[in-house]
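J.: Each chain, letter by letter, is given below.
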Amino acid sequence: MEDPVSVTAIRPEELLKALSGLWTELGKEEVEGSDRSAGVLRAVTMTFILGVEEGEEEGAGETLAQLMHEHPSRAIVIKLRKNGSEVVEGRAYAQCWMPFGRRQQICCEQIELSAGAKNLEDVASVLRGLIAPDLPVVFWCRSARLFEQKAYGLIAGMADKVILDTRGLGDPQAGVRYVAQQLKLGRLYGDLTWTRLTRWRETIAHVFERIDCKEFLGSMERVVVKYTQTPEPMAVVYLKGWLRTVMGAGVKIESERCESEGSWQIREVRFESRGRDVVIDRVEKGIVESHIDSFRTRSVFEILDEARLVREELAILERDPIFARTIEVISKS
Amino acid sequence: MRKLLPALYRLAYERKLPPGFSIVGNSRTAMSHEQFREKMRVSVEKFIENSPFDAALWEDFARGLFYVPGDLGDPKCYAALKEQLDEIERERGTGGNVLFYLSTQPSFYAGVVEQIGAAGMAVHGGGGWRRVVIEKPFGQDLASADELNRRISAVMAEKDVYRIDHYLGKETVQNVLAFRFGNSIFEPLWNRQYISHVQVTAAESIGVEGRGAYYQEAGALRDMIQNHLLQVMATVAMEAPPYFDSDAVRDERAKLLRSIRILKPEEVDSHAVKGQYGPARIGNENVLGFRQEPGVDPEAQTDTYAAVTFFVDNWRWAGVPFYVRTGKRMPKRVTDIAIRFEAAPLSLFNTSPGAEDSPLAAPNLLILRIQPDEGISLRFQSKDPAGGGMKLRPVSMDFNYGSSFGTRTPSAYETLLLDALAGDSTLYTRQDMVEASWRAVEPILVRWQERRFDFPNYEAGSWGPRESDEMLERRGHQWRIP
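Listed in order, the protein sequences are those of chains A and B.
First residue of the first sequence? That's 3 in my numbering, and the numbers climb one at a time after it.
First residue of the second sequence? That's 227 in my numbering, and the numbers climb one at a time after it.
The set of hints was computed from the structure by calculation and includes no laboratory data.
Please note: incorrect hints may appear among the correct ones.
Unchecked claim - Away from chain A, derived, C-beta distances all over 12 Å, residues of chain B: (1) D473; (2) E511; (3) P620; (4) R677; (5) E696.
What the hints assert, rightly or not - Subject to a maximum C-alpha distance of 25 Å in a straight line, what follows is the list of computed DMTMM-like cross-link-like pairs (lysine to aspartate or glutamate): (6) K490(B) with E693(B); (7) K617(B) with E15(A); (8) K617(B) with E217(A); (9) K19(A) with E275(B); (10) K120(A) with D136(A); (11) K120(A) with E511(B); (12) K186(A) with E699(B); (13) K152(A) with E511(B); (14) K19(A) with E271(B); (15) K617(B) with D322(A); (16) K216(A) with E234(A); (17) K229(B) with E15(A); (18) K19(A) with D367(B); (19) K19(A) with E693(B); (20) K84(A) with E72(A); (21) K120(A) with E60(A).
For every residue, glycine included, the Cβ atom is placed at its ideal position computed from N, Cα and C.
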């Protein structure tokens with residue numbers, strides 16, 4: 003990472019000037035073994051706003067660095083300082099990497115704005131001037147505390163897509179209701195709690211692609227989602243909602259708490275019909291086992307880190323009809 | 227003096243000024259030639275940009291600096307000026323060529339030119355040229371612009387009157403001509419069949435910065451749109467001239483300006499939006515509203531923001547809206563022209579429900595960036611290699627002045643002053659262009675004068691009033707964020 007350029011008054015103009023100066027300097031850097039500069043490639047395909055808690059910026063920064071390779075962006079990190087802090091600061095820096103076998107670095111620009119909750123609206127006012135023109139704006143609100151601030155609405159209002167993680171919010175149900183409202187208003191929202199379910203949904207879909215299981219679909223009476231934590235995790239609510247959209251109103255969809263050694267939230271999904279069950283069981287962290295009559299098969303259940311989850315959301319910068327239908331079902335129930 | 231002297235010094239630095247080149251300054255302040263030279267040295271050292279100050283060069287340059295004190299209303303001032311010019315002609319061999327640069331209050335223009343004529347300085351008996359440069363505003367409305375022209379043209383021929391619009395001197399505005407008429411690939415698309423609409427934005431992040439008293443009389447429509455932005459729009463939309471010559475280019479610009487549809491009084495409210503910024507907090511600073519600025523009437527009805535939908539009634543542009551906006555206290559300083567092309571006639575990709583509303587579904591966009599980051603970008607759709615399938619994402623091809631040309635870009639004033647000295651008026655505004663642009667904004671000025679607005683209607687640091695967004699939404703468009 004290049005040395006940051008800090009500015010005291012957080013005016014967009016100053017920060018953009020600092021960025022511009024940074025690019026000029028980067029362009030002058032000499033290539034090892036040569037007295038000439040190979041220049042740098044300034045890459046930006048979107049404005050990516052990341053809202054993060056003070057103290058968590060390092061982990062979030064690593065995620066961001068991974069994301070930049072596939073989604074080079076003007077990254078604007080809003081660091082929410084601990085309660086009581088009145089410091090408002092801005093700095094600009096660049097993150098560069100040298101693709102294998104190339105002599106030219108690829109660099110992404112980053113701006114960090116930090117403020118306490120009290121001054122978060124100051125940051126929102128600066129943000130408007132920092133958005134890269136004519137490119138999508140994505141806001142990943144990683145901080146639950148930021149979601150509760152008034153300034154959240156201002157920041158989210160500037161974004162084409164907002165990514166939340168409702169399971170981390172103080173009241174996940176209220177978070178999902180909020181997302182449902184926003185979707186109704188035509189806004190694009192993603193929820194990492196939903197994104198984590200992709201592997202479950204894929205596994206279930208694969209099982210029912212088997213010819214004998216397709217027949218079983220017609221006679222299904224009940225689906226039970228077994229989970230391990232209290233209260234019922236948001237992921238379970240989402241999974242039940244999705245199953246409802248797939249199975250229709252004629253099938254009972256229920257959830258049960260169960261004891262389990264693993265720390266994962268969903269332990270098992272059981273599809274029941276008269277005299278015949280299909281069970282998908284999470285036997286290990288990265289393995290699920292499907293039981294179809296006497297047939298048993300194991301498949302890899304890929305654990306997605308934060309970067310992978312966000313990457314999946316970044317691949318859907320349009321309305322996700324399945325998510326929208328699921329949210330609608332959940333909010334009605 | 228912040229722009230002019232540094233520009234002239236820079237021209238001297240680049241050896242673009244003829245030998246014997248001299249500058250005669252005038253103001254009411256009593257000052258000797260030496261004092262004037264010292265004052266100018268301080269000014270040049272302070273305001274020169276991207277150039278070193280060369281003391282040896284300055285010595286030579288300063289020998290050509292002279293000063294004649296006097297009141298512009300006093301004929302004696304002109305007699306003294308004539309005497310000084312005659313002396314310079316004799317001693318420095320200028321051949322009698324004189325460029326009068328009126329950096330005065332606009333209300334003095336006509337009177338000064340008349341006095342120049344009365345003192346016998348408007349023509350030179352020995353074959354030297356005499357030209358006058360005036361800065362905008364060229365009148366306050368159509369009638370005053372006509373009156374100004376009548377009085378000036380009674381003394382000097384139109385070919386010797388240089389109305390400076392520094393926007394036209396900007397490299398990037400000149401490059402619009404090069405881009406359009408030096409390449410063949412864009413011109414076939416440059417019409418109503420392929421272009422959905424055009425947006426011209428000139429945003430400033432600063433407020434009136436101590437010019438409140440002046441600004442409240444002018445306003446954004448007069449200060450920016452009537453002159454700079456309509457000239458820019460004309461450059462984007464004009465027809466190709468038969469050859470690159472001052473009159474040929476200006477004929478085409480003028481023709482375009484004359485083709486702008488004149489709004490009927492009842493159309494003004496739906497085609498033009500007037501705004502004024504209110505106080506706000508931007509970053510960690512409290513920012514005053516316009517009415518709270520020093521020297522500004524607390525009830526001022528001044529437009530610090532103006533947005534207008536223009537239509538050009540000719541075969542090329544019929545039905546294509548040209549949205550032009552300018553404002554103070556916007557989120558950032560930026561001037562650009564965005565040409566939005568029509569969407570592909572049939573969407574083969576991204577056909578899922580709602581895909582057309584996706585932020586990625588935007589059609590082709592050509593951005594001509596005037597300032598900052600001068601350059602050109604073309605946005606188009608490309609297949610996204612991630613995730614498989616035929617998913618499209620917008621990508622951008624960029625040309626950036628800074629990185630494509632290693633040379634320094636001359637300032638607009640350098641370009642324009644050099645052109646005026648060389649007798650090239652291509653980048654200057656002609657009287658018929660001034661009149662045509664006043665005609666285009668006059669109905670708006672009249673209507674805004676009649677109405678009382680509930681100001682402020684936008685917060686400092688925002689992109690302008692809501693009504694401006696609604697103006698575009700009525701045609702299914704929206705302002706881009708530049």
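J.: If a hint holds in the structure, say so; if it does not, say that too.
T.: Hints, verified against the model:
No Cβ of chain A approaches the Cβ of D473(B) within 12 Å, the least distance being about 37 Å, so the stated non-interface status holds. Consistency note on E511(B): stated as away from chain A, yet its beta-carbon is not over 12 Å from all of that chain's, at 6 Å minimum. Annotated as non-interface, P620(B) brings its C-beta within 12 Å of a C-beta of chain A; the closest such distance is 7 Å. Annotated as non-interface, R677(B) keeps its C-beta farther than 12 Å from every C-beta of chain A; the closest such distance is 29 Å.
With a minimum CB-CB distance of about 17 Å to chain A, E696(B) clears the 12 Å threshold, and the non-interface call stands. The straight-line distance between the Cα atoms of K490(B) and E693(B) is roughly 19 Å, inside the 25 Å bound, and the hint therefore holds. Restraint check for K617(B) and E15(A): not satisfied, since their Cα atoms lie roughly 35 Å apart, outside the 25 Å limit. Restraint check: the Cα-Cα separation between K617(B) and E217(A) comes to about 34 Å, which exceeds 25 Å; the hinted pair is violated.
Of the supplied pair hints, the one linking K19(A) and E275(B) holds, its CA atoms being roughly 16 Å apart against a limit of 25 Å. At roughly 31 Å between alpha-carbon atoms, K120(A) and D136(A) are farther apart than 25 Å, so this suggested pair is violated. For a cut-off of 25 Å, the pair hint linking K120(A) to E511(B) stands: about 14 Å separates their Cα positions. For the given pair, K186(A) sits about 20 Å from E699(B) by alpha-carbon distance, which is consistent with the 25 Å threshold.
Under the criterion of a C-alpha separation no larger than 25 Å, the hint pairing K152(A) with E511(B) is consistent with the structure, at around 19 Å. Proximity of K19(A) to E271(B) is assessed by CA-CA distance (about 23 Å); at most 25 Å being required, the pair is judged to hold. Distance hint between K617(B) and D322(A) is fulfilled; the C-alpha atoms sit about 14 Å from each other, no more than 25 Å. For the proposed pair K216(A) and E234(A), the alpha carbon gap of about 30 Å is over 25 Å, so the pair is violated.
For a cut-off of 25 Å, the pair hint linking K229(B) to E15(A) stands: about 22 Å separates their Cα positions. For the hint pairing K19(A) with D367(B), the CA-to-CA distance comes to about 38 Å; that exceeds 25 Å, so the pair is violated. Taking the CA atoms of K19(A) and E693(B), the gap is about 31 Å. The hint is violated against a cut of 25 Å. Proximity of K84(A) to E72(A) is assessed by CA-CA distance (about 32 Å); at most 25 Å being required, the pair is judged violated.
Proposed proximity of K120(A) and E60(A) is supported: the alpha carbons are some 23 Å apart, at most 25 Å.
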